[in-house]
Amino acid sequence: MIAIVDYGVGNLFSLISSFKFIGADVLVTSDPNEIKKCDKIILPGVGAFEDARKKLSDTGLDKIIIEEAKRGKAIMGICLGMQMLFEKSYEYGEHMGLGLLKGSIIPMQDYIPSELKIPHIGYNPLIFKKQSPLFKYIKEGDCVYFVHSYFASDCEESVIATAEYGKELTAAVAYKNIFGCQFHPEKSGDVGLSILKAFCEMEDVK
Amino acid sequence: MITKRIIPCLDVKNGRVVKGTNFEGLNDVSCPIELAKYYSKNGADELVFYDITASFEERKLFTDILCKVAENVFIPLTVGGGINTVDDFDRVLKCGADKVSVNSGAIKNPMLIKEAAMKYGNQCVVISADIKRVDGQFMVFAKGGRENTGMEAISWIKKCVSLGAGEVVVNSIDTDGVKGGFDIELLKLVCEAVNVPVIASGGAGSIQHFVDLFKEIPDIDAGLAASIFHFGEVKISDLKKELKENNIRVRL
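If you're matching them up, the sequences are chains A and B in order.
0 is the number of the first residue of the first sequence in numbering that gives the first Met the number 0; add one for each residue after it.
0 is the number of the first residue of the second sequence in numbering that gives the first Met the number 0; add one for each residue after it.
Be aware that a few hints might be false.
Partner residues are not named here, just some residues of chain B that face chain A (Cβ under 8 Å, in silico) [unchecked claim]: (1) Met0; (2) Arg132; (3) Ser205.
Computed list of lysine to aspartate or glutamate pairs in EDC-like fashion (alpha-carbon distance at most 20 Å, straight line) [what the hints assert, rightly or not]: (4) B:Lys243 to A:Glu163; (5) B:Lys40 to A:Asp24; (6) B:Lys157 to A:Glu114; (7) A:Lys116 to B:Glu70; (8) A:Lys116 to B:Asp175; (9) A:Lys116 to B:Glu215; (10) B:Lys93 to A:Glu86; (11) B:Lys118 to A:Asp153; (12) B:Lys67 to A:Glu66; (13) A:Lys101 to A:Glu86; (14) B:Lys142 to B:Glu191; (15) B:Lys243 to A:Glu139; (16) B:Lys113 to A:Asp50; (17) B:Lys234 to B:Glu33; (18) B:Lys118 to A:Asp5; (19) A:Lys166 to B:Asp218; (20) A:Lys19 to B:Asp63; (21) B:Lys214 to A:Glu114; (22) B:Lys214 to B:Glu184; (23) B:Lys118 to A:Glu49; (24) A:Lys128 to A:Asp153; (25) A:Lys19 to B:Glu70; (26) A:Lys36 to A:Glu200; (27) A:Lys19 to B:Glu33; (28) B:Lys187 to A:Glu49; (29) A:Lys35 to A:Asp24; (30) A:Lys53 to A:Glu90; (31) B:Lys178 to B:Asp211; (32) B:Lys36 to A:Asp189; (33) B:Lys118 to A:Asp50; (34) B:Lys240 to A:Asp189.
No wet-lab data here; the hints were simulated from the structure.
We treat Cβ as the ideally placed atom computed from N, Cα and C, and that holds for glycine.
Using the sequences plus the hints, can you model the full thing?
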């Protein structure tokens, strides 16, 4: 069973549908005990970092996620959920993340050529940086769907794929049992579903 | 680098796709769910669902169908038609829509764009504008292209973007239905005026028209069409192959 952490941020409809579609058992929950019982955890999120991070601490779910991560449970953050796995975000100020991955979230604006549009919206091909069990069913160059204005930097340790948008932007990360996608696998057609499937099938990674 | 998007648009009334279709292998050509799956499987990058129903009961049917589509199709879904309030945004987003397109609703109340963008983020709010040349000027039309609003198109679009619209759909009334190609002149002006994705709509009659669009306006993000896809005149897979051969980046 996979827990999708429900902490009142964003719309989980498509994410839940995509797991159902690939035949995975998911439980959408905000109950710490339920989350502890599940084998894997998905941390979703759209919107602003500060607001989402606050909701995670207000509900106490941040502590549960950190504890479960330390116990070696596979956790995957998606979009803003991935960004929150890092140490810090500089989205409108400076905010502490969950600190499960080394690196910080910075605005694209200061980093990519000014003629490029922000947010980075659309399908962009993946450039692989490291092998990962997440890529079991996909190949380099497969396109995934992005919608974001901030991205993870200083994360050489965990980056497994990037996408080129003026500069190479962090697209997917993995370090031990912690995984993350900046893009939306639930909106990336068969490629995205294949990534979710690979995550579901993954053996315990300690 | 980001790929150019190809977007079929489906007009839905009473739970059915309005324009006729003739696809091989599709038993029910006007079933929105079947058609959405078909398009998704054959290379559509995104789908637009346009709710052209009027009554409350029909609207409920539309959202039920939207849920069914979103349960089965995993590419971005945009919904338009009858969006006048933030509650309307909420109604369709809960059913799995990713973006909501506003047209007349924003003309009546431009602050709808700002309210929705604050609540759901700019990426969620799409401004769709019906534009026609009147005495050499591009004007915004309302009520499905029947009524001249008296507003100049480029300034209207700029205003919408400054209020928080994260994407612009430009429907050229002059080229729509003619199948003589997209309105390059108008689209160029819009692309120069805003720094958010611009989607071209109205006028596509052949694969070559899409090639021309992306070649002549490198900044354009997507091409949208309805009948040429529905009638099978252009297959999205063929279209994408041709774009690729012309060195235009596409998702294959």
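Violations among the numbered hints: 2, 3, 5, 7, 8, 10, 11, 12, 14 and 28
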